[in-house]
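Trainee: Here is how the chains run, residue by residue.
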Amino acid sequence: MIHAELVHETIDPADVLARVGAAEDGAVLLFLGTVRNHADGESVDGITYEAYERMASPVLAEIANEAAVRLGTDRVAVVHRVGELAIGDVSVAIAVSSPHRGQAYDASRYVIEEIKKRLPVWKREHYGDGRSEWVEGVSPGREGAASTAGEGAR
Amino acid sequence: MIHAELVHETIDPADVLARVGAAEDGAVLLFLGTVRNHADGESVDGITYEAYERMASPVLAEIANEAAVRLGTDRVAVVHRVGELAIGDVSVAIAVSSPHRGQAYDASRYVIEEIKKRLPVWKREHYGDGRSEWVEGVSPGREGAASTAGEGAR
Amino acid sequence: MSVQALFFASYRDLLGTSKLDVELPDGATVADLVRELRGRGAPFTSLPKEPAIAVNRTYALHDETLRSGDEVAFIPPVAGG
Amino acid sequence: MSVQALFFASYRDLLGTSKLDVELPDGATVADLVRELRGRGAPFTSLPKEPAIAVNRTYALHDETLRSGDEVAFIPPVAGG
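Each protein sequence line maps, in turn, to chains A, B, C and D. First residue of the first sequence: 1, per the numbering used here; consecutive thereafter. First residue of the second sequence: 1, per the numbering used here; consecutive thereafter. First residue of the third sequence: 1, per the numbering used here; consecutive thereafter. First residue of the fourth sequence: 1, per the numbering used here; consecutive thereafter.
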């Protein structure tokens with residue numbers, strides 16, 4: 001069962017992992033994005049994630065569906081958190097499983113790369129010196145428009 | 001801390017995952033190899049893994065060390081199981097973490113590919129009809145020799 | 001006709017608002033909406049000339065025609081994951 | 001001199017043994033050991049002419065010279081993971 005969700009609470013990696021796996025699968029892959037204590041040489045205390053939630057949820061589902069096509073199975077689970085996150089907190093968890101490992105690595109990577117390209121989510125880093133700034137992101141621009149207009153995903 | 005281990009008991013993915021991760025890491029990746037219920041169109045009931053244990057342990061450690069160089073961190077944990085495994089059992093778990101995801105995917109993939117190329121482990125598949133056969137493997141041949149002779153581990 | 005413009009993250013901070021109802025002539029496009037807003041002067045002039053836009057929660061090209069009631073989101077460069 | 005040959009998995013099944021002490025002339029190489037064993041006839045002839053070999057738990061080339069007491073493992077194609 002393909003699962004895609006935006007959450008406000010702590011992500012438990014074991015829960016996401018438990019959503020994939022099947023008797024016919026030989027490879028399971030779990031990716032966790034975690035808040036790190038540094039960015040571009042600056043010390044970071046925490047990150048606020050903001051989302052355009054009513055759009056981010058369907059976009060996340062769309063990315064998960066595209067990944068399932070590459071994977072060849074419906075064992076894809078992706079959960080993205082929004083709100084105030086501390087160092088070490090999991091911001092995104094992606095679990096996939098498939099008969100062979102090649103597809104699992106490919107599909108897992110696809111999900112995180114597409115999230116970074118077109119999921120309407122932003123993050124504000126809080127620095128050690130008290131300042132905070134929106135992280136410079138990636139314009140979803142034309143690529144995003146083409147994709148969701150169905151003119152060819154990717 | 002780099003960790004590499006050959007075990008006879010059940011592998012708990014959470015234990016392997018807990019060996020990696022650090023405040024400076026933004027990406028964590030866990031790969032699980034699991035016993036699947038089919039191979040080349042035949043139904044499979046279980047697999048017996050056999051190892052040349054006194055050699056497999058140091059080779060696994062060597063692979064983990066090489067992965068750490070690619071990863072740029074010492075957060076690498078790899079556990080391979082031997083003995084009688086049932087469908088769904090985890091035969092190998094590989095956890096890595098690093099500041100950036102590119103290195104994590106690369107190092108994780110490196111570990112599993114090198115295991116398949118040169119870890120002295122064999123598996124005997126037990127089929128639904130009662131037969132069992134050694135799985136045709138990969139000759140570690142020259143590549144293995146060159147690598148462990150230190151003539152370039154790539 | 002009237003559309004609802006939404007602003008997130010850095011765009012919301014720039015403008016000091018997350019939402020604006022905007023009156024536009026019938027047949028107006030995304031590009032017309034962006035021009036109309038930037039024409040209002042500061043702080044709207046700090047919006048990019050070609051921001052990423054989603055119409056009704058789907059990324060849209062700037063030549064897309066808007067309809068009354070559309071939800072038009074100005075999407076700053078994204079940084080999820 | 002004497003070396004200990006080890007056989008795993010399919011090779012062990014082929015030969016019906018996992019271990020053999022083999023006498024070789026001083027200066028013998030891995031290739032000499034393989035030839036000596038295959039020269040014994042069945043079932044040893046079913047070993048490949050150039051099997052992967054580990055000497056003292058490290059993969060070795062066939063021109064490597066053996067020393068007395070070496071542990072020489074015949075490594076069937078591996079299938080871990």
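Quick caveat, the hints were computed from the structure, so don't treat them as lab data. Backbone N, C-alpha and C fix where the C-beta goes; we use that ideal spot for every residue, glycine too. Take these hints with a grain of salt, some might be off.
Simulated DEER-style distance windows between Cβ atoms [claimed, not checked]:
| # | chain 1 | residue 1 | chain 2 | residue 2 | range |
| --- | --- | --- | --- | --- | --- |
| 1 | C | S68 | B | A18 | 47 to 57 Å |
| 2 | A | D15 | B | D106 | 58 to 68 Å |
| 3 | C | T45 | A | G72 | 46 to 56 Å |
| 4 | C | R67 | A | D15 | 34 to 44 Å |
Trainee: Quick one: which hint numbers does this structure break? Sort them smallest to largest.
Mentor: Of the numbered hints given earlier, the structure breaks just one, which is hint 2.
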